[in-house]
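A.B. asks: So you can see what is in the structure, the chains are spelled out below.
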Amino acid sequence: MARVVVDVMLKPEILDPQGQAVQRALPRLGFDGIADVRQGKRFELELEGPVDDAALARIREAAETFLANTVIEDFTVRIEEDGK
Amino acid sequence: MTTRVGVVTFPGSLDDRDAQRAVRLAGAEPVALWHRDKDLHQVDAVVLPGGFSYGDYLRCGAISRFSPVMDTVIEQAKLGMPVLGICNGFQVLCESHLLPGALTRNDSLHFICRDQKLRIENADTAWTRDYSAGQEIVVPLKNGEGRFVADEHVLDGLEAEGRVVARYATQGAAADGFGNPNGSYRDIAGITNAAGNVVGLMPHPEHAVEPLTGPTTEGLGFFTSVLKQLVNA
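Protein chains in written order, with this note's numbering: chain A, 1 to 84; chain B, 85 to 317.
Here chain A stands alone, though its shape is the one from the complex (with noise of 0.2 angstroms):
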């Protein structure tokens, strides 16, 4: 089966609370060295069928109107092969 995952972040220009809390944390914990954190979304869609042009196209389509708010996210589509 074929797998397509929608990465979504906030666009730089929006505040992270949560990343920047996660940053926060992370020296606390002893993980030095970190600059900055942002925090996103990751779906795996698992198809039926091919992934061919066309499904792509659904997909990103799926990704501007539903899974990514673009107003404040920005997203990328990529497929995945198998065995990774």
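A portion of the hints provided could be inaccurate.
[Stated by the list, open to error] DSS-like, lysine-lysine: derived pairs with alpha carbons at most 30 angstroms apart: (1) B:K162 x B:K312; (2) B:K122 x A:K11; (3) B:K122 x B:K162; (4) A:K41 x A:K11; (5) B:K312 x B:K226; (6) B:K122 x B:K312; (7) B:K162 x A:K11; (8) A:K41 x B:K226; (9) B:K226 x B:K162.
Calculated from the structure, these hints are not laboratory results.
As the structure is a computational prediction, the values presented were derived from the model and not from experiment.
Assemble the complex: chain A is given as a structure, and chain B must be docked to it using the hints.
C.D. replies: Okay, now just chain B, sitting in the frame of chain A:
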């Protein structure tokens, strides 16, 4: 004929009954609308209430926006029907693109629940005519994702067109309900569309309609405003 104001119940709505009660106290007939029913049952206006529709999964309001009832609400809103979205309802209106911008996580990361002082900025919308511009009111506020954001261009446009309906009043002590509770850009608590029939508001006027249960009765004006608007139409 009695004015009919619909209140939509989504799975996870919390404040639908309070909104219905506010509608009744204002002198209109509340009509319960169901998220899966496209039919608005001849209502004259619609309230999208607060709560956690669909558990806030994906994003607040993102799934509700695609519910069958919203197809009709969006269509009618574009034709001029008054629509008020409170809290989660405001999030649904932004997700529906009936209003610009988005509501994001409070900058403090805390869920804030308190009585909040607001300044009514625009008293010309379908939902704010019973107020006067500059009037300060106190209504409850309760949200975890109430921080209004939009890009500078959109914010400037909202200001220039007078589409900021209410701001968090900041000129006073926090103990008295003053201050920006969530980091909203430009202290925005509520906005309207260009026509003034669609209003989104993060705080809860429907919880401030009776002395027994509310901090004030200053929220009732939203509901009496729409009633007058519809009677005079």
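A.B. asks: Against each hint, give a clear statement of whether it holds in the structure.
C.D. replies: Here is how each hint holds up against the structure:
| no. | hint | in the structure |
| --- | --- | --- |
| 1 | B:K162 x B:K312 | holds, 20 angstroms |
| 2 | B:K122 x A:K11 | violated, 34 angstroms |
| 3 | B:K122 x B:K162 | holds, 16 angstroms |
| 4 | A:K41 x A:K11 | holds, 12 angstroms |
| 5 | B:K312 x B:K226 | holds, 28 angstroms |
| 6 | B:K122 x B:K312 | holds, 26 angstroms |
| 7 | B:K162 x A:K11 | holds, 29 angstroms |
| 8 | A:K41 x B:K226 | holds, 25 angstroms |
| 9 | B:K226 x B:K162 | holds, 29 angstroms |
Violated hint for the displayed structure: number 2, the only one.
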